[in-house]
Every structure is written in structure tokens, then in C-alpha cells.
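Colleague: So the chains spell out like this:
There are 2 protein chains.
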Amino acid sequence: MKVLKTKILECANIRENQIVKVDSFLNHQVDVNLLNKVGEEFSKRFSDVRIDRILTAEVSGIAIAAIVSQYFNVPMVFARKTESVNLSEDVYSTEIYSYTGKRNYKIKVGKNFLNKNENILIIDDFMANGKAAEGLIDLVDQAEANLMGIGVVIEKGFQEGGANLRSRGIRLESLAIIDSIDNNEIIFRD
Amino acid sequence: MKVLKTKILECANIRENQIVKVDSFLNHQVDVNLLNKVGEEFSKRFSDVRIDRILTAEVSGIAIAAIVSQYFNVPMVFARKTESVNLSEDVYSTEIYSYTGKRNYKIKVGKNFLNKNENILIIDDFMANGKAAEGLIDLVDQAEANLMGIGVVIEKGFQEGGANLRSRGIRLESLAIIDSIDNNEIIFRD
Chain V
34 MKVLKTKILE
44 CANIRENQIV
54 KVDSFLNHQV
64 DVNLLNKVGE
74 EFSKRFSDVR
84 IDRILTAEVS
94 GIAIAAIVSQ
104 YFNVPMVFAR
114 KTESVNLSED
124 VYSTEIYSYT
134 GKRNYKIKVG
144 KNFLNKNENI
154 LIIDDFMANG
164 KAAEGLIDLV
174 DQAEANLMGI
184 GVVIEKGFQE
194 GGANLRSRGI
204 RLESLAIIDS
214 IDNNEIIFRD
Chain U
34 MKVLKTKILE
44 CANIRENQIV
54 KVDSFLNHQV
64 DVNLLNKVGE
74 EFSKRFSDVR
84 IDRILTAEVS
94 GIAIAAIVSQ
104 YFNVPMVFAR
114 KTESVNLSED
124 VYSTEIYSYT
134 GKRNYKIKVG
144 KNFLNKNENI
154 LIIDDFMANG
164 KAAEGLIDLV
174 DQAEANLMGI
184 GVVIEKGFQE
194 GGANLRSRGI
204 RLESLAIIDS
214 IDNNEIIFRD
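Residue numbers (our numbering), protein chains in the order written: chain V, 34 to 223; chain U, 34 to 223.
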């Protein structure tokens, strides 16, 4: 997706040849015009399947999934990490290992918001090692819903998450795949 | 806002005559069609002022602020609670007391995303004791930006947050104000 790649090249900060900071438009400040183009692109890429619900996880997926769900005209649900009085006890729950936090944490979705046989599209900001996506897939499996695919805005192609999911036959659409970062320069996959 | 009040009466679960659970449409699963009406309503109510940026806080404000910001055509920034590699060290930071978590926690915004003399609109899901809003106002003050107002979807009128803010001359627009809950029945303010 050209407009996204241009934005990444213009605005992303690279740290330690590995961390791609996109806090100016994706996961702290949010460029809603760009997200609308992201939503339009996902709706094109998944136009061959029926989607009943969009699933994401706290925190950085929420703004993206909210805007994207407008293009599918379906509700969005975000798996909660934080304990909340707004979450009932009747949940699907799974553990995710966080490399940045160096610990496991739980994510949960109320059982009434993921239904058997529904078609689910997972949306997230990044695909790196794929642990968050695997947690979300586990929630979809627990609900006996159908995973129709995963859409991420930026895939770090030099980490194993995307390749692992594709090798399992899971449909993964990444709008920008970073193949490598050399001397703080981003090289996209064609 | 009639459509919102109807939705609350239809879908909210009341617990202990105090907690209004709206996880089916506002802060766990998200009804994006309703949020678009919310965005339209806020844009009408604040149509007399120029807004440069929308500010909210993790977690439940994000989806709402993202959709609402489309109607103002401005970027949205969410103050982060969770530690993130995506947040630089150069931040405005403040502490908020959480009644539900029974502890203080910090919220932070990158200094480059709140600028001096900018016009800021704060958006959030709930107004109860007002602690989250006060934290966000503190961030706006630290940045020497202009607080143009606060828009919340649901105000618990029986808690002190809204009254306190209005008595300080802060413009607060609440789309539904719950005056009381009796025998699990919601009474709205006219």
C-alpha cells in the first residue's frame, strides 16, 4: 500500500535497527485519514469473504479496528488485557508472552461477543513474532468461530510471525512488509 | 441524544445500582454505527470552536475518539497508561487515582503530540468522579494548550465529576446524563 509505505518512510523512527516507532500516526497519535485508507484497502483485500465481526487486542489495535470496521459494517470487539469492571467473568481467555514486557499476560473476550460459526477478521497494528495474533486466534478457536484472516498494518518480515502463520495456511494480509532495516533504512518487500 | 439513551436502556446492564455495563456497544464490543452518530453529535455541539486535536486516554476512550476525530478532521492522540516501547521519554505525565483499581497510575503523552496554543477537545466514554478527565486536563495545561471542552458519551450525574468540572467553568458536553439508578432502573436527566 503505497500511501502507507510513504508515510512510514517519512514519519517512522528506527531504533536499534529493529524497533519501528510509528507513534506519530499509528499507535499513540492516530492519523485517522490514513486509517480510513487502511480500512478501504482491507475491505478490498477481504472482499471475497463475508466478515461478521472484527477482533483486535488492547491497546494499539483499537483505533485501527474501529476505523476498519466501518468498511465492513460489522461490530468490532477488542480483547482486554487490563482488568475492568466492564468485563464479565464469562470470558474466553488466553495467555500471550510479551517480548517487550518480558512476561506473560492474559487477554480476554466476553463469550457473548465471539459466537460459534461466525466469520472473524483479526486486525492489528503490527505483526512481529506473532504472539499477539496467536492469542487472538486461540480466542477465535475457543469460540468455535471461523478465522477468515488477519490484517495487519505493518509486518516486520524479518521476524518469524508472518511466515509461521502463512505456513499454517492462515490468510495474512499485511499492508506494508518490512524485509530488513539496514543502517536505520527501511527496505520494504515488493 | 435520543438514540444513545435508547441504546443504553436496551443494552446496558446495571450492577449494584451503580455500575453501568455498556460492554456490548461502547467499551468492549464497539457499535461503530452508534459511534458515528456520537461523532456527528459532538461535531454539532462544538461547531462554534476550532479544534486542532482530540485527546483521550487508554483504554476505553480510544475507539470513540478515533471515530469522533473523523468529524473534526483532526488527529487524535491517546494518553498511554501502559509502558510501551512506542513511547519516547520526552512526555507530559500525570497521576490519576483509579477507584476501580484502587491505586494511582500514570498517564503520558509524547510532548510532540500536544503543542502550545493548540485547541484541544478531550473525549472519553464515561464521566464519573472525573479523575481521568482531571489527569487529561493536567496534560493539556502542562503543554500550555487550550482546553476547548470535554465530550463524554455517558455522565454519571450522581457522581461529582461533571458538577466539579462545570463549577470550574469547563465546558462539558455529555450525550447522556444518568441522574440516578433505582432498583436497576436508569433515570436520565432531561
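Any given hint could be a false lead.
Copies of the same chain look alike in the list, so a pair counts if it works inside one copy or between any two.
No farther apart than 30 Å at their CA atoms in a straight line, the calculated lysine-lysine pairs in the DSBU-like style are these [said to hold, decoys possible]:
#1 K144 - K40
#2 K38 - K164
#3 K139 - K38
#4 K38 - K144
#5 K135 - K70
Calculated from the structure, these hints are not laboratory results.
Colleague: Check each numbered hint from earlier against the structure, then list the numbers of those it violates in ascending order.
Modeller: 3, 5
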